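Novice: Protein chains in written order, with this note's numbering: chain A, 1 to 381; chain B, 382 to 461.
Please note that the accuracy of each hint is not assured.
To be verified - Here are the in silico distance ranges between beta carbons for each label pair:
| # | chain 1 | residue 1 | chain 2 | residue 2 | range |
| --- | --- | --- | --- | --- | --- |
| 1 | B | 408 | A | 227 | 29 to 35 angstroms |
| 2 | B | 458 | A | 354 | 29 to 35 angstroms |
| 3 | B | 413 | A | 358 | 37 to 43 angstroms |
| 4 | B | 452 | A | 107 | 48 to 54 angstroms |
| 5 | A | 121 | B | 410 | 53 to 59 angstroms |
| 6 | B | 459 | A | 107 | 50 to 56 angstroms |
| 7 | B | 413 | A | 67 | 19 to 25 angstroms |
| 8 | B | 458 | A | 121 | 25 to 31 angstroms |
| 9 | A | 347 | B | 402 | 25 to 31 angstroms |
| 10 | A | 341 | B | 422 | 48 to 54 angstroms |
| 11 | B | 458 | A | 247 | 36 to 42 angstroms |
| 12 | A | 16 | B | 396 | 30 to 36 angstroms |
| 13 | B | 410 | A | 350 | 23 to 29 angstroms |
Said to hold, decoys possible - If you only want the chain B side, here are some residues facing chain A, beta carbon under 8 angstroms, derived:
| # | residue |
| --- | --- |
| 14 | 399 |
| 15 | 403 |
| 16 | 404 |
| 17 | 406 |
| 18 | 407 |
| 19 | 411 |
| 20 | 448 |
| 21 | 460 |
As the list claims (entries may be wrong) - Pulled from the structure, derived: some chain A residues nowhere near chain B, Cβ distances all over 12 angstroms:
| # | residue |
| --- | --- |
| 22 | 11 |
| 23 | 124 |
| 24 | 225 |
| 25 | 254 |
| 26 | 291 |
| 27 | 337 |
Quick caveat, the hints were computed from the structure, so don't treat them as lab data.
From a predicted model like this one, the values you see are computed outputs, not experimental measurements.
All C-beta atoms, glycine included, are put in the ideal place defined by N, C-alpha and C.
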Amino acid sequence: MIHPHGGRLVNRFVSGENREQLSITAAKLPQIVLNQRELSDLEMIANGAMSPLEGFMGESDYRSVVDSMRLSNGLVWSIPVALSAKTEEHKSLKKGGQATLVDEAGRALAVMEVRDVYEVDHEYEAQMVLRTTDEEHPGMQYLKSISPVYIGGAIQMIRRPEHKDFGRYRLEPKETRVLFATKGWNRICAFQTRNPIHRAHEYLQKCALEVTDGLLIHPLVGETKSDDIPADVRMRCYEELIDKYYPQDRVVLSVFPAAMRYAGPREAIFHALVRKNYGCTHFIVGRDHAGVGSYYGTYDAHAIFGEFEPREIDITPLFFDHAFYCRSCGNMATTKTCPHGKDDHVFLSGTKVREMLANGELPPAEFTRPEVAQILAEATR
Amino acid sequence: MVTNNPSDMVTLKIPRPLYERLKQLIDGTGFRSVTEFAIYVLRDLASHPAKRPSEGEPRGRMTDSELEAARDRLRELGYL
Numbered sequence: 001m002i003h004p005h006g007g008r009l010v011n012r013f014v015s016g017e018n019r020e021q022l023s024i025t026a027a028k029l030p031q032i033v034l035n036q037r038e039l040s041d042l043e044m045i046a047n048g049a050m051s052p053l054e055g056f057m058g059e060s061d062y063r064s065v066v067d068s069m070r071l072s073n074g075l076v077w078s079i080p081v082a083l084s085a086k087t088e089e090h091k092s093l094k095k096g097g098q099a100t101l102v103d104e105a106g107r108a109l110a111v112m113e114v115r116d117v118y119e120v121d122h123e124y125e126a127q128m129v130l131r132t133t134d135e136e137h138p139g140m141q142y143l144k145s146i147s148p149v150y151i152g153g154a155i156q157m158i159r160r161p162e163h164k165d166f167g168r169y170r171l172e173p174k175e176t177r178v179l180f181a182t183k184g185w186n187r188i189c190a191f192q193t194r195n196p197i198h199r200a201h202e203y204l205q206k207c208a209l210e211v212t213d214g215l216l217i218h219p220l221v222g223e224t225k226s227d228d229i230p231a232d233v234r235m236r237c238y239e240e241l242i243d244k245y246y247p248q249d250r251v252v253l254s255v256f257p258a259a260m261r262y263a264g265p266r267e268a269i270f271h272a273l274v275r276k277n278y279g280c281t282h283f284i285v286g287r288d289h290a291g292v293g294s295y296y297g298t299y300d301a302h303a304i305f306g307e308f309e310p311r312e313i314d315i316t317p318l319f320f321d322h323a324f325y326c327r328s329c330g331n332m333a334t335t336k337t338c339p340h341g342k343d344d345h346v347f348l349s350g351t352k353v354r355e356m357l358a359n360g361e362l363p364p365a366e367f368t369r370p371e372v373a374q375i376l377a378e379a380t381r
Numbered sequence: 382m383v384t385n386n387p388s389d390m391v392t393l394k395i396p397r398p399l400y401e402r403l404k405q406l407i408d409g410t411g412f413r414s415v416t417e418f419a420i421y422v423l424r425d426l427a428s429h430p431a432k433r434p435s436e437g438e439p440r441g442r443m444t445d446s447e448l449e450a451a452r453d454r455l456r457e458l459g460y461l
């Protein structure tokens, strides 16, 4: 099985007597209320999805990641994973101190050993990580909503965040690894999405499945921008699609609890490394991976992988160009495998699809499976 | 990636015969200099975690009970 990033699957959960003691300690410490992104990040740090991270980034790792896409020890890591101060009290936390990380309801989730409290430049972080400081970019909007004072340090997890949804699909990295091993899969391809799966995506996945043993459909269900299709609607689409059109013994559907950063290329690297921690050996990177609007070049998320030696990433990216149904070929294809022009291709923009659904019109079957279109149409009404 | 900013670099000394051997090794490999090759190798070594696990913490391998718990959960959820 592929090694986790950094060589070891992190586990920051405490149990038994340690947990009881920590809970008592946690009740006496200053509290930091986590926002939605930080909540997702905390969970993934604790369960090893973000291996080798053992806590929110300290100053050294943060600056190294922003500047060079590497942790301070040289390991590749492309996205800062940071905890922002919420109050003046947080800003005066001292190195060596502790704080309790709580959810919005005040439930203590973890105790943090404070290593660093440091001020950052959000404009600089945005320029480097998002490649833009445009205030319309959702990632920039997030940075503008949080304090420029970050708190870094290792965490000890007392309890998992409460989830009211997708309970049966919430597998942690140790569970997906056990699942793949039990199924006898050696090569597992992961597919990341924050959208419904249309014919083009299905095509990429099945191409990948031809050269691997199994497919992990791993939709992101953490915080997304308000006009992205809600996770519960998407999950119904995935379930229907897999039931009707995928070989049941070759596909695993499980949710990825991360928040979207919309950081395009850098987020492609992040998504790949995290899926490696889930036990996947291959990772599909399509057109404009993790992109939004027109901030990134169509294939910038392919090119960024070339900035690293393959062994540093270790999980194998499978790069796919723009896919569509070609009427002349009579099948799904990409710009690499189809000799015909755009007039032969069935392609609809996201805007066009939303417009059709809002008007009660189903997109053509060459673009999306009718069952998926039906679910999306009902959700739009 | 090798930074060209001198203020970010420090000098390491290695025996000349070793340097000459490395120079031969990298010929035709795409590494532009012994420096570039050495940085690549050392980064890789430095990125591996410490060999000694923390007290009471296994080296990332699951215990039998953790494995069984994972399998039980997977069965319960219908994955196995």
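Novice: Compare the structure with each hint and give your call.
Specialist: Evaluated hints:
Between residue 408 of chain B and residue 227 of chain A the C-beta distance comes to about 55 angstroms, which lies outside the given range of 29 to 35 angstroms. Range check, residue 458 of chain B to residue 354 of chain A: about 33 angstroms between beta-carbon atoms, so the 29 to 35 angstroms window is met. Between residue 413 of chain B and residue 358 of chain A the C-beta distance comes to about 56 angstroms, which lies outside the given range of 37 to 43 angstroms. Between residue 452 of chain B and residue 107 of chain A, the C-beta spacing of about 29 angstroms breaks the proposed range 48 to 54 angstroms.
With their beta carbons about 39 angstroms apart, residue 121 of chain A and residue 410 of chain B fall outside the hinted range of 53 to 59 angstroms. The supplied range of 50 to 56 angstroms is broken by residue 459 of chain B and residue 107 of chain A, whose beta-carbon atoms lie about 29 angstroms from each other. The supplied range of 19 to 25 angstroms is met by residue 413 of chain B and residue 67 of chain A, whose beta-carbon atoms lie about 22 angstroms from each other. A hinted range of 25 to 31 angstroms for the beta carbons of residue 458 of chain B and residue 121 of chain A is inconsistent with their spacing of about 44 angstroms.
Our hint of 25 to 31 angstroms for residue 347 of chain A and residue 402 of chain B is violated, since their Cβ atoms are close to 56 angstroms apart. Hint check: residue 341 of chain A to residue 422 of chain B, Cβ distance near 49 angstroms, so the stated range 48 to 54 angstroms holds. Taken as a hint, the range 36 to 42 angstroms is violated for the pair residue 458 of chain B and residue 247 of chain A, whose Cβ atoms sit roughly 19 angstroms apart. The hint said 30 to 36 angstroms for the Cβ distance between residue 16 of chain A and residue 396 of chain B, and at roughly 52 angstroms that hint is violated.
A C-beta distance of roughly 45 angstroms is found between residue 410 of chain B and residue 350 of chain A, which places it outside the suggested range of 23 to 29 angstroms. Checking residue 399 of chain B against chain A: minimum C-beta separation of about 22 angstroms lies over 8 angstroms; hint violated. Annotation: interface hint on residue 403 of chain B violated; nearest CB of chain A at approximately 18 angstroms, more than 8 angstroms. Evaluation of the residue 404 of chain B hint against chain A yields a violated restraint, the C-beta minimum of about 20 angstroms exceeding 8 angstroms.
Of the supplied interface hints, the one on residue 406 of chain B is violated, with its beta-carbon coming no nearer than about 17 angstroms to a beta-carbon of chain A, more than 8 angstroms. Nearest Cβ of chain A to the Cβ of residue 407 of chain B: about 14 angstroms, over the 8 angstroms cut. The hint is violated. For residue 411 of chain B, the interface hint is violated, the least distance from its beta-carbon to any beta-carbon of chain A being 10 angstroms, above 8 angstroms. A distance limit of 8 angstroms between C-beta atoms decides the matter here; for residue 448 of chain B the minimum to chain A is near 6 angstroms, and the interface restraint holds.
Because the smallest distance between the Cβ of residue 460 of chain B and any Cβ of chain A comes to about 6 angstroms, under 8 angstroms, the interface hint for this residue holds. Some Cβ of chain B comes within 12 angstroms of the Cβ of residue 11 of chain A; the nearest lies about 8 angstroms off, and the non-interface call is violated. For residue 124 of chain A, the non-interface assignment is confirmed: its Cβ lies about 17 angstroms from the closest Cβ of chain B, beyond the 12 angstroms cut-off. At the 12 angstroms boundary, the C-beta of residue 225 of chain A stays outside the reach of chain B, the nearest C-beta of that chain being 30 angstroms off.
A cut-off of 12 angstroms between C-beta atoms contradicts the statement that residue 254 of chain A is not in contact with chain B; the least separation is 8 angstroms. Every Cβ of chain B is farther than 12 angstroms from the Cβ of residue 291 of chain A; the closest lies at roughly 24 angstroms, confirming the non-interface assignment. Here residue 337 of chain A stays apart from chain B, with its beta-carbon at least about 30 angstroms from theirs, past the 12 angstroms limit.
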